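Order-wise, the sequence lines are chains R and H. For the first sequence, our numbering begins at 1068 and goes up steadily by one. For the second sequence, our numbering begins at 1068 and goes up steadily by one.
If you are wondering where the hints come from, they were derived from the structure by calculation, not from laboratory data. Watch out, some of these pointers could steer you wrong.
Where chains are identical, the list cannot tell them apart; a pair therefore holds if satisfied intra-copy or between any two copies.
What the hints assert, rightly or not - Think about it this way: if two alpha-carbon atoms lie no more than 30 Å apart in a straight line, the pair counts; the simulated BS3-like pairs of lysine-lysine are: (1) 1292 <-> 1403; (2) 1292 <-> 1372; (3) 1337 <-> 1374; (4) 1337 <-> 1414; (5) 1337 <-> 1220; (6) 1337 <-> 1292; (7) 1220 <-> 1093; (8) 1337 <-> 1431; (9) 1372 <-> 1138; (10) 1292 <-> 1374; (11) 1138 <-> 1220; (12) 1220 <-> 1158; (13) 1193 <-> 1372.
Remember, it's a predicted structure, so these values are computed and weren't measured experimentally.
There are 2 protein chains.
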Amino acid sequence: MRDNELRVVVIGAGFGGLEAARKLAKLPVRVILIDRKNHHTFQPLLYQVATAGISPGEIAAPIRWILRGRKNVEVLLGEVVGFDLQRRVVKLSVAEICYDYLIVAAGATHSYFGHDEWEPWAPGLKSIEDALEIRRRVLLPFELAERQAADGKPGMDLNFVIVGAGPTGVELAGTLAEITRQVLRDEFASIDPRRTRIVLLEGGPRVLPAYAPDLSQSAVRQLQKLGVEVRTSAMVTRIDPGVVWIGEERLPAAVVLWAAGVAASPLGKKLGASVDRAGRVLVNADLSLPEHPEVFVIGDLASLKDKHGNLLPGVAPVAMQEGRYVAKLIAGDLRKLPRKNFHYFDKGSLATIGRAAAVAQIGKIHISGYFAWLAWLFIHIMFLIGFRNRLIVLIQWAWSYLTYERGVRLITGDMTLPGWTEKKDREAEPALRN
Amino acid sequence: MRDNELRVVVIGAGFGGLEAARKLAKLPVRVILIDRKNHHTFQPLLYQVATAGISPGEIAAPIRWILRGRKNVEVLLGEVVGFDLQRRVVKLSVAEICYDYLIVAAGATHSYFGHDEWEPWAPGLKSIEDALEIRRRVLLPFELAERQAADGKPGMDLNFVIVGAGPTGVELAGTLAEITRQVLRDEFASIDPRRTRIVLLEGGPRVLPAYAPDLSQSAVRQLQKLGVEVRTSAMVTRIDPGVVWIGEERLPAAVVLWAAGVAASPLGKKLGASVDRAGRVLVNADLSLPEHPEVFVIGDLASLKDKHGNLLPGVAPVAMQEGRYVAKLIAGDLRKLPRKNFHYFDKGSLATIGRAAAVAQIGKIHISGYFAWLAWLFIHIMFLIGFRNRLIVLIQWAWSYLTYERGVRLITGDMTLPGWTEKKDREAEPALRN
């Protein structure tokens, strides 16, 4: 390996880091991409894995496979534990990697607003592992309730509570409604999945707060049509096994899913720079760190405002544009060109709600329902990485659209649920003949 | 529900139990199918999940989805903990289910010949969870070795040891060879996956002992061509983290996979009947339990000899024919017909080795290589449950056949390996610039 090459270390293979690595691969630099997973996860479709619609392998691809054939790119599996910005070194748990340029794209995770003790009862959705845990919690209650009912005991109430009505909460609630009303409808002998209550809680005054008010209203109507109870200005104050508290109100919940807060990766703080309340790093207009023009922060971990003073949202297009921008900026540095500021070009936003239900906001154009959903479907399939995945996801979706089937309804792991009380009745031992 | 119906309880939704339930569904009986998973697993393709070729969802389908639309069939998720044959009751951990007829099709698992302490270092392959753990162990070593090499340290030797050269061991060894020689070939900067040693150990004198000697020889040739070292009469005496012992010989092993012993489900013993050395229940010629004409044992859990005195093998066709037979026998009982003995009709055996490599034994006809593999491919795709799965698996395979790609190379869960020593060198702290 050539020793005189400039070394660019990229941390995180999400949308931002991957895009940066791809563009940097075309420059005369050595790129080292570090991630703690071996795969890129297409996060916008994680909720489909969590709701048994598609397999993990269809929305995740090995990072080194995505970047194969790029001889100046090296992919390392590793957990970053810290930095030494003076020595220009990234510290892994078992090694140190030095850099000339550093791009930190470590993303965000869900935040419980200081209540991390809620996590076991209310898992969030950020990784493949999270999605499989949620899938388990979504499917298992019906099996347990059926068994209880077959045993002649009064079944637990089947109600799902989703906390947070951003895009993820809305997707989960809508899809759960679809599953209970359609997919599972005729498959149980003793329970009726259609009676499942699905409650979407939002602490703020409206769902999808990043969208225009008319689209929030449309989303509520579409959710209600699917069978979701939507409650806004409902701030969760406590979560126990089987119960969600809204102030004094006790809401029973067989399953709680968390889609509320976002916290930036703890790596932000480890850079030693200023961070905002959510842990996002306050970056310069060229996405570099104050005092460190060779260190950039992009994606969900960066805190940058647009010309109207609004914080750029934590979505894939922002991260990708930032990744491309930094790669171009480094190319300019190599040619001693002056740096230009980053500007986000907003192509619009789409949020899906369920089958043929979505909202879209493209500049001043607001669309709801079937056409918004078609647009969402088209864009997400096109963006999925790798032709093979795209084709299979397309077939899966076409199939499940036609048949109302969901093909990946596997429960793996533990067969118990937190907060689920199975009433044993060994004394009576009623041999079943119901 | 009608109270006068005959209740047939089936335990286990493998090939035997599922086939019995399907046939029983056509009779005027109530069928209760109990399994501890919510899904049927197509075990012959588990090794494809373990080697990142296909997703779990493509070889597993929810039991209640498979049996949907059959109004007299009830599916229960539950772990059977015992029986009371006098009271005709099946005991679950949380309920009791009574029966008029009982079909126990609980299958088999892997056996460590009394050395269960080997399991953490040498996982076996019986469930989706097992397959994902093996996938993790197959993919992770390359990532760890790459990181070590990038850190300038001598990499661990990458060698896989597969214990047991039955069909599963042969499949795993052949596919691992394919992965290391083709799939991962060009994706690493610092290591060469093609140098991975793959050793297949067999305690007996030949691989695929259930096949004719000429096919065993052909299998060895095909394995060697793929790059597998085959060692017969190599009895493993001990397994430690990172080491397999063959008597006094110490064989280093980054990863050990167990494909050797088979033990019948512990439910066999709980029936109180006589069992053979592997825990299989000695059944009457009509598959019923001595003294209990209303209790049947089928599939891998049953011990029955054919007219030549050979034990029927633990394969899907035997289990399926037994399931059909028992359903028919119960139909005959309802009409007071005399019982006939079970006879297995052997349509032949197929074992795959790798890409375009397999052996087939159909009566006196022995086939090896490409045509045996085509036959294997055709039969396995046709048998896969559900059209949707079949189509997607076909596309996946066609794609990976053409491109040498494996699409499900996800490492999930823990990012460490037992027995893998990562040499920390914090004293020296050599900042990388290699």
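Cross-check of the supplied hints:
1. 1292 <-> 1403: Result: close neither inside a copy nor across copies, 58 Å intra and 55 Å inter.
2. 1292 <-> 1372: Neither, since 37 Å and 60 Å both go past 30 Å.
3. 1337 <-> 1374: within (28 Å within a copy, 73 Å between copies)
4. 1337 <-> 1414: neither (33 Å within a copy, 65 Å between copies)
5. 1337 <-> 1220: Classified as between; 27 Å across copies, 53 Å inside a copy.
6. 1337 <-> 1292: neither (46 Å within a copy, 51 Å between copies)
7. 1220 <-> 1093: between (65 Å within a copy, 29 Å between copies)
8. 1337 <-> 1431: For residue 1337 and residue 1431, the Cα distance exceeds 30 Å both inside one copy (40 Å) and across copies (70 Å).
9. 1372 <-> 1138: For residue 1372 and residue 1138, neither the intra-copy (36 Å) nor the inter-copy (60 Å) Cα distance is at most 30 Å.
10. 1292 <-> 1374: neither (38 Å within a copy, 64 Å between copies)
11. 1138 <-> 1220: between (63 Å within a copy, 21 Å between copies)
12. 1220 <-> 1158: between (56 Å within a copy, 16 Å between copies)
13. 1193 <-> 1372: For residue 1193 and residue 1372, the Cα distance is within 30 Å only inside one copy (24 Å; across copies 53 Å).
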